[in-house]
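Peer 1: One letter stands for each residue in the lines below.
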Amino acid sequence: MSLTPSQWAALLPLLVPALAACLIPLMSLDKDQATAKWIRAVMYGTALLAVGASFWFITELWKTGAQPSFFQMRMDRLAQFTGIFVLVAAAMTILQSWDHFHQEGWVKGETLSLLLFAVVGMILFATTTNFILLFLALELFSLPLYALVGTVRARPESAEGGMKYFLTGAVAASCFLMGGVLIYGLSGTLDLSAAAITLKAQGLALDPLVLVGAALLLLGFLFKVSAVPFHQWTPDAYEASPHPIAGFMSVATKGVAFIALLRIFGSSLVPLAEVGVRMQSVAAILAVATLVVGNLTALVQTNVKRMLAYSSISHAGYLLLGFVAGTPAAFNGVLFYLVIYLAMNMGAFGLLTAYGLVGDHTTFDDLRGLGWKRPALGVSAAIFMLSLAGIPPLGGFYGKYMIFRELVGAGHVSLAILGVLASLVSAYYYLRFLVALFLQTPGAEAERLASDRPAVYAPLAGATVLVCAAIVLAGGFLQAFLADGFTRRALTEGLGLLR
Amino acid sequence: MTWLNSHPLSFLVFAPALLGFVILAIPQTLARLARMVGFMGAVAIFVLSLSWLLGQSGSLAPILAERAPWFTLVGLPVDYSLSVDGLNLWLVLLTTFLVPLTMLGTWNSLKDRIGTFAALFLLLETGMLGALMAQDLFFFYLFWEAMLIPMYFMIGVWGGDERRYAATKFFLYTLAGSLLWLVALLYLAGKAGSFNPAVMGPAASALPFSVQCWLFLAFAVAFAIKVPLFPLHTWLPDAHVQAPTAGSVILAGVLLKLGGYGFIRFAIPMFPAAAMHYAKPLALLSVIAIVYGALVAMVQRDIKKLVAYSSVSHMGFVMLGLASFTVIGTQGAILQMLNHGISTGALFLLVGMVYDRAHTRMISDFGGVAVKMPVFTGFFLVVTLSSIGLPLTNGFVGEFWILNGAFLSGFGWGRLYASLATSGVLLGAVYMLWMFKRVFWGPENKDEGSGTHHLHSDLNAREIAVLLPLVVLILWMGIHPRTFVAVSEAPVVALLKDAKAPAIRTFTLKPAVHEAPAAHPAPGGHAEPAEPAVKGGHR
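Taken in sequence, the protein lines are chains A and B.
Note that my numbering has the first sequence beginning at 1, numbered continuously upward.
Note that my numbering has the second sequence beginning at 500, numbered continuously upward.
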């Protein structure tokens, strides 16, 4: 079978990381990988090269405006957006994990391989409306992540977190599968767009089975974005996983699930308007629950990673509010927010690595006084936390602004009020991070430990943190450029919205 | 230089922040240099603001204005819009004046990270100037919120023992008001299709009255927290007491003013009907703030806390003047905002100076300070009298106009509330003079551990240089307040006309505002300790 250049163009961004993912385990077969630094460097270099090549292929497509497809897989603007999003997150994860795994003393090639497989699955997940492909992509990125959570086998909680994530994830995936099966059974087609049209034509739009099917699909997405009540895995999984992996999960999994949610419910299932309305009201209730539970629980955390986990739950709430508002401009707000969220969260988790906090030493007490030690990192931390809290003039504020504006415009004023109250609550725990960094002096015990330990040297993680801070600032000052030139084009040309 | 000629306001607003970032980049070892650069920059900004803004007559047209489209997101255009007109001219000058003065006044107060402190101070100046000048509500909102960040760190890093609590409370309190306000803003902007107040105002009056009321309440709560109006004032004592001297001065001098300014600039002009509707509750809360603040100030043991509560009382006067919906009351409120900035700022500076020497602020730790620090006592006395509102000082004119406005407002509650508020003036004399007596008069406190014992030196030249301009201003504003309210007269008249205040409430328009008290012998002044024959700014 020979492929046309256009098909190659659609496939290459996925093939390259997949190939590298297969190559890297071969390199790590060497028994010396724990001792020989050059083997590790080659592994990491290969992974970065694969991510970079894939990124290059996608940006080339973005520049020319081509939207090639390979059978059911359509590498359209939205998929290209997803690709850029996931690959940037992956590159940062790889850079951070070089430092982090060295700090932990646990450098293994298979983590990179798993990460690259997850990347392939994630991009694939956003390229299709074909249910089989969708499900395969979901599993392709979920299974490596289950393993990645438990990757540092030396830590006992790591296995626990991985197992928890795997079991709940398997249930969610089977629900997702069931939802697709119901829709397929009623419509006779695997393509969700075609299925929606068929169901509409058959007058089955409000058939209970269709509703159940759509609800189960929604459940699958909500699990991946860790919305309440499908959030319980999140704090344990984040706490158990290495910092860069936790950052990657919080950003990429959530982002891809939201983009696919927009593609399926914001575009493919639009003919079934009645179903969409019901799903939005379900999403509204769950968004409220997510905001309340996520924010209130985050208040009482003492571990920074758990705090960030609950914070990421609550951000799923804001993003869901964008889905509830339901307008193309709100979807644009969601995409914009995802871009900023990528930088904020990769940056926040990157800080933990850059400060050299390993193992369980990630409580607020461990952060005390660190802000003054490395001013550039300290300023970045302030930018991330204030942006997460939605304080202008940083990027996070504009994301919330766009979503709340559409929410108010669509008549959901009470939801917007709840949203701002939630971000008020969230300001408290983000400030707590800054209180620890700047307003408290390190405890005597911490000072003693710090003087015993060799100085932390994490240049790669530090560099990613600075890049993230720059992105958050850019989101604050070049907001219209980013929203119109990047996220809006993904929606206009990818989904045909906002024309 | 052509850019500068066409964008003087942009320069004034953003130059401090740019300088602040430059200072942040100066290494810790050169912190003293950083502080000096920061101070010189602030002085330059002050001089430039004086030369660019002063000398304009009081007309409705803005003195300087810049407006350009900035960006459009989710269908709402946001303008880059700065302007200085009669309503904000003196507040802008007060800001640029207080920043270098405070830097100089607290030169040696801080020991560590002085460079960072100076940088934050300059960033704060950008936030304050931007909020004062912004003529687009979204743009205003950006500055309004961004201002919290440097202030948060100033309180939190350099503050007293309870600084973390105070800083977080300050941040969250203000954020709470402004977030709810943001929702109202988004709602109204959605209806108007713009963030320009000139477009939003008419759009607002087209809405049902109940909606207008809700929107006004959202605006009012956000601004009232900043003022702060009773019962939303509880963040203020904590923030004031815990903040370092410089933070307290700027907090009292400028940040609180932004609340009152928000009412004059946005809340009242955009929702005139709703504002009139809520005049009574606003006035009632103001009167409660005046009396309650004064009563609580009376029982404080800490001088700084006393001054903080006196702020609540004084800012209550501002709100009462605004709620009177008279020209004289509103003009009085504007003058009172300047007064409070000068007098309370000076009080915080003075308290800071004594604290730097004695390391205590407890009234009971002092006694007989007049013997040890005669020059300091002189300055403190003048500022105290100004805070009380003695005729010939600024405090008198502002409070007098406000009481006059409230009394003659024609509202059913006007006379009663004005009379009640007058007791605040009396109580002000009680708590200030009582504190003054206990700290400065009496036999010298010879106790080894006392504050007086540690006062080894009187004011030095630097401190006198800081206080002298303030004293000059106190007297100037008391003797010839016309200088400071002439520019705001036309905008205020226009504002109240738009608010359709009934004739009786605007009858003080003619003759000119500064003669009004003389034309109508005002019972509001009865409680003045020494009621003068010549009223207010008549001289």
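Fair warning: there could be bad hints in the mix.
Just some of the chain B residues that point at chain A, by a computed CB distance under 10 Å [claimed, not checked]:
(1) Val573
(2) Ser608
(3) Arg612
(4) Val656
(5) Pro701
Some chain B residues flagged as far from chain A (calculated, every beta-carbon gap over 10 Å) [what the hints assert, rightly or not]:
(6) Leu553
(7) Leu575
(8) Glu644
(9) Asp660
(10) Ala675
(11) Leu706
(12) Phe708
(13) Pro730
(14) Trp734
(15) Leu781
(16) Asp855
(17) Thr859
(18) Ser863
(19) Leu880
(20) Glu943
(21) Ala993
Just so you know, these hints were derived from the structure itself, not from any lab.
None of the values given here were measured: they were computed from a predicted structure.
The beta-carbon is built from N, C-alpha and C at its ideal position, and this holds for glycine as well.
Peer 1: All hints are to be evaluated individually against the structure, with a verdict given for each.
Peer 2: For each hint, the structure was consulted:
1. Val573: 5 Å, holds
2. Ser608: 19 Å, violated
3. Arg612: This interface hint holds because 8 Å falls under the 10 Å limit.
4. Val656: 6 Å, holds
5. Pro701: Where the cut-off is 10 Å and the nearest Cβ of chain A is about 19 Å from Pro701/B, the hint is violated.
6. Leu553: 30 Å, holds
7. Leu575: Answer for Leu575/B: violated, closest chain A Cβ roughly 7 Å.
8. Glu644: Violated, since 5 Å does not exceed 10 Å.
9. Asp660: Given that every Cβ of chain A is farther than 10 Å from that of Asp660/B, nearest at about 12 Å, it holds.
10. Ala675: Not fine: 5 Å to the nearest Cβ puts Ala675/B too close to chain A.
11. Leu706: Fine: 13 Å to the nearest Cβ keeps Leu706/B off the interface.
12. Phe708: Per Cβ check, Phe708/B is outside 10 Å of chain A; nearest 17 Å; holds.
13. Pro730: Holds: least Cβ distance 18 Å, greater than 10 Å.
14. Trp734: Holds: least Cβ distance 14 Å, greater than 10 Å.
15. Leu781: Answer for Leu781/B: holds, closest chain A Cβ roughly 23 Å.
16. Asp855: Asp855/B clear of chain A: closest Cβ-Cβ about 22 Å, beyond 10 Å.
17. Thr859: 23 Å, holds
18. Ser863: Given a closest Cβ separation of 30 Å, the condition holds.
19. Leu880: Given a closest Cβ separation of 37 Å, the condition holds.
20. Glu943: The assertion about Glu943/B holds, with a minimum of 38 Å to chain A.
21. Ala993: 31 Å, holds
Checked against the numbered hints given earlier, this structure breaks hints 2, 5, 7, 8 and 10; the rest are met.
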